[in-house]
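Put the two chains together into one complex, using the hints given.
Each chain, written out:
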Amino acid sequence: MPDSLNTLIRAVEDANSSVLLQEAVKNLAAARLEGAIPTLIATLSYNNPGAAVAAVDGLIQIGEPAVPSLLELLDMHNYTARSWAIRTLAGIGDPRALVTLLGAATADFALSVRRAAAKGLGMMKWHWFPEELLEIAQAEAMEALLFVAQEDEEWVVRYSAIVGLQCLANAIAVSHPDWRSQILSHFEQIAAKEESWPVRARVLMAQQELQTATATTQTQHIDNRPSPLSSMDWQKIMEELYGRKGQERLVFAEGDPRRYQDLAVAIAQNTDE
Amino acid sequence: MLCIGIVRGNREQEQKVENAANIQDDNQLTVEQAIANLQGEDLGLRVYAAWWLGRFRVDAPEAIDVLITALEDEDDRTNAGGYPLRRNAARALGKLGEKRAVPALIKALECSDFYVREAAAQSLEMLGDSSSIPRLIELLNDQIPGTLPAPEPPQLTQPFDAIIEALGTLGASDTSPLIQGFLDHPVPRIQYAAARAMYQLTSQANEVYNEYGDRLVQALAQDDLQLRRAVLSDLGAIGYLPAAEAIADTLAENSLKLISLKGLLEKQLQPTTPHELSPGAIKVMQLMDALL
Chain L
0 MPDSLNTLIR AVEDANSSVL LQEAVKNLAA ARLEGAIPTL IATLSYNNPG AAVAAVDGLI
60 QIGEPAVPSL LELLDMHNYT ARSWAIRTLA GIGDPRALVT LLGAATADFA LSVRRAAAKG
120 LGMMKWHWFP EELLEIAQAE AMEALLFVAQ EDEEWVVRYS AIVGLQCLAN AIAVSHPDWR
180 SQILSHFEQI AAKEESWPVR ARVLMAQQEL QTATATTQTQ HIDNRPSPLS SMDWQKIMEE
240 LYGRKGQERL VFAEGDPRRY QDLAVAIAQN TDE
Chain A
0 MLCIGIVRGN REQEQKVENA ANIQDDNQLT VEQAIANLQG EDLGLRVYAA WWLGRFRVDA
60 PEAIDVLITA LEDEDDRTNA GGYPLRRNAA RALGKLGEKR AVPALIKALE CSDFYVREAA
120 AQSLEMLGDS SSIPRLIELL NDQIPGTLPA PEPPQLTQPF DAIIEALGTL GASDTSPLIQ
180 GFLDHPVPRI QYAAARAMYQ LTSQANEVYN EYGDRLVQAL AQDDLQLRRA VLSDLGAIGY
240 LPAAEAIADT LAENSLKLIS LKGLLEKQLQ PTTPHELSPG AIKVMQLMDA LL
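So the protein lines, in turn, are chains L and A. Per numbering that gives the first Met the number 0, the first sequence starts with residue 0, numbered consecutively. Per numbering that gives the first Met the number 0, the second sequence starts with residue 0, numbered consecutively.
Some clues are possibly wrong.
Quick look at which bits of chain L chain A covers, simulated, 3 or more residues with Cβ under 8 Å [stated by the list, open to error]: (1) 158-169; (2) 195-208.
Listed next, the in silico DSBU-like pairs over lysine-lysine satisfying Cα-Cα at most 30 Å (straight line) [said to hold, decoys possible]: (3) 192(L) / 282(A); (4) 282(A) / 124(L); (5) 192(L) / 98(A); (6) 282(A) / 25(L).
Read the hints as simulated data drawn from the structure, not as lab findings. In this text, all values refer to a predicted model and were calculated from it rather than measured experimentally. Quick reminder that beta carbons are idealized off the backbone N, C-alpha and C, glycines included.
Only chain A is shown next, with the shape it has when bound in the complex (with noise of 0.2 Å):
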């Protein structure tokens, strides 16, 4: 989950961001200074802080309601219009799992700002629940009027794959009908997104059900080190097993290969059956301890 934050989405900022952080480790923030600065005058302290609140997870109810409050913030702007503290005070709370946030999290699934969508429709995933499904539909839809499409080519009008992948990690198995169109969207991102959620709410008894996670194993293969960034994301978050080798293979970060391997074995480890592992457990193990 924490990658694909870093995966996609508005990298620039990311790296201000985390370019901030790097200068703010030598004299630490508190929590009550920055729930402090979340409300104080700089701007950037705040954005700042809200970024702060979710990477260090404080969940403390303080820190939850002025995050709720950020996402109605007006004072920061960017010159395209953006609001860079409604987009952290949307990731953070996404962090945080409280569903307190959920209301206004949808709330600001109608914000003209596309970045603020995105990291709201992450955040619901987070959070597991499906009171938001409604909305996310009417979004994927594009349906729901004064949300201005993203600032930068191809100006997708929705973040079709945050609001994919959310559908499809809460269940919402109506929508599959509709996720399918997305199969051949002219944005890769967007078609593994939606593969991966086609997998997610079609039966096992399907005979599809497979044809979607191998489109991802596909994939793997693409030239493009953020798709397959962002393909090793997804297969970790389904748990396929038939990708284990693939997955072990492909060109990157040993690291994203070892969080996504870890979706795989969690589907194998069976709670009820706490001294067993099955054979693609350890076939899986086996790999993830090749890439330590």
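This is chain L alone, in the form it adopts within the complex (with noise of 0.2 Å):
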């Protein structure tokens, strides 16, 4: 195993084409090794959006082990890096990315960003929550799910919105029937008043397949690995939570997308005009 690993790892640093880096990463992700994180990652500042697009599907796969580097990623200043780590973490799941969700889905000025984050939010590995905690990261991501499906300029993020919600209105069948109900009259009104034509077939999709999870019972296809998180991990993230509610009184950190709050505002109002 390891002899196989070097040779794929040989073979990306090798490449010296765009098209052999593709392979090489399309390979190394394949074999789904934990060895291969640092490489993958590496992958993510080579401007090279096959090769990414592959190292993602890669990161994904292997999932939670990849988290902590995928967030030491985010505080460096390649963006182009750092969008491709919001979308990695977004296909995860992992609750310990939740509050970095939040803030893209809402916030972020590349609607990539804002569009893969939307879709994680909906499928967070909702399983792996504490109790306490569920219930308070569920509301938000529902909120800022509800806000995105109908606020952001993007179709393709509203779209991405729709999905997250179909995911967590699921998720949500039986502890919360009530905010299931509250999404499916929330779909009503966008189906109403929604311009896009593929957002509305997107909203009439989730319709029909909530109302086919609620005939036939839950069929969801869950992940039973445990919680490598431990209760430092589930501190931070409630802390993390609480520090959201108060934000508006923070100064953002570098790299923080609620920086580009105002410039992607600025920029959607003369758009308007």
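Structure below.
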């Protein structure tokens, strides 16, 4: 095994054309080995979209062991790499990324990041959350997604928020049937006033699939690996969530997507003129 | 549509304008300021203002007026004789959806600058006005005197891909024998434009109809990322459903794949039955969900 890992990594390092790099990253990603994490993460900074897509897919497959390094990457200055890292965190659904995803879905400058974060918010690994944190986390996710589904200016971000809401409605069907009805009644409103045909079609599909899901009992596939998170992690997540509540009073750190909020709003206003 | 301008054409100039945008976003331009800048002394500000009016879709009548005037600008010239302001004005007018710009854009098809003609053809396509068809055909046949070839290799005499795409979108069905000749053009991008237009112009009853779509699907396996991006845009424009999986699988940005699949989805959505989703629509949405 380690032999083949080294061979695969060397192929990535030795690739001297963009096509070779894409192929090498695809092969390394397909091996799904934890040892590949640093190399795959490095690929996110190479400005080669084909390779980055393959690396994101690979990192999502590997899952939570990649989360700490991805969160670290968010602090760095490479904007493109940051956006790939958020996409990957969205795909993994690890609770440690919850607050990052909340900020990214509602306020990131890049629509590809908002889009990925919105879907990710609906598909968190909810079964990992301790009970006392689950409710507040899901309530925050629902609030953010309802906002994005109706207010984001890009069709694809609203589309993604519908996908996120559908997943969330499924996840809370038993614990919060009232929230689920709330999501469904929002779908009615969105279907009535949404301008984009693809988004309306996606709402319709969500409504139909949620109806089917009630008829038959939930057959949601849940990956039942135990949570690797420690009580320290949970405490940090809790603090971040409470911090988010009072975020207006804070000065945002370099690289925090909320720093771009003013610019995004200014551009949106200009677009309307 | 939006990605077409980024995908090809004068990339270096696009890049410069985008950089200017990043700088200027710090101290926002207003509509009044942009219109004033477009008529001002500073050539750099004029070019930027033309781009800005298109980018932010400023379709105020005064904006259209100054952009139409800018199509005849003589002040701003490159060393090779190009007209940067005219190029940006032509691009902007396509985005503003105002048919009043059509005659001026048809006139711009006679410009000596290759990139002005390219931008004009793209904008006439976006405006969807078939009165430009005869002039586009003359340009495709290279029958307009005074038009200089592209300054870079392969020094095409005309922006054939933009012209062919416009004729396809405008439904100029008489031109299919002419366009067919471009299916084997040495420049791949032009072959794809021809396949796309042939698909649009051939009736569904015709047995070769899907062959043109399939040519584009095969082109998604190309090694060249730029070409794959262009083909994604073509497949989205024709809404070719059999391409759905190939679009989802090709190595390119998810954003471009999603725009392409959106084109397929829109073609599957029937305005007459808003409460039903075809199997094709559901399949496309499942693929899109996975790319978010």
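Taking the hints in turn, this is what the structure says about them:
With a threshold of 8 Å between beta carbons, the proposed coverage of the segment 158-169 of chain L by chain A holds, since 3 of its residues qualify and at least three are required. Counting residues of the segment 195-208 of chain L whose CB falls under 8 Å from any CB of chain A gives 8; the rule of at least 3 is met. This hinted pair checks out: residue 192(L) and residue 282(A) have alpha carbons roughly 24 Å apart, not beyond 30 Å. With a C-alpha separation of about 26 Å, the suggested pair residue 282(A) and residue 124(L) falls inside the 30 Å cut-off, and the hint holds.
Taken as a hint, the residue 192(L) and residue 98(A) pair is honoured in the structure, with Cα atoms around 28 Å apart against an allowance of 30 Å. For the hint pairing residue 282(A) with residue 25(L), the CA-to-CA distance comes to about 25 Å; that is within 30 Å, so the pair holds.
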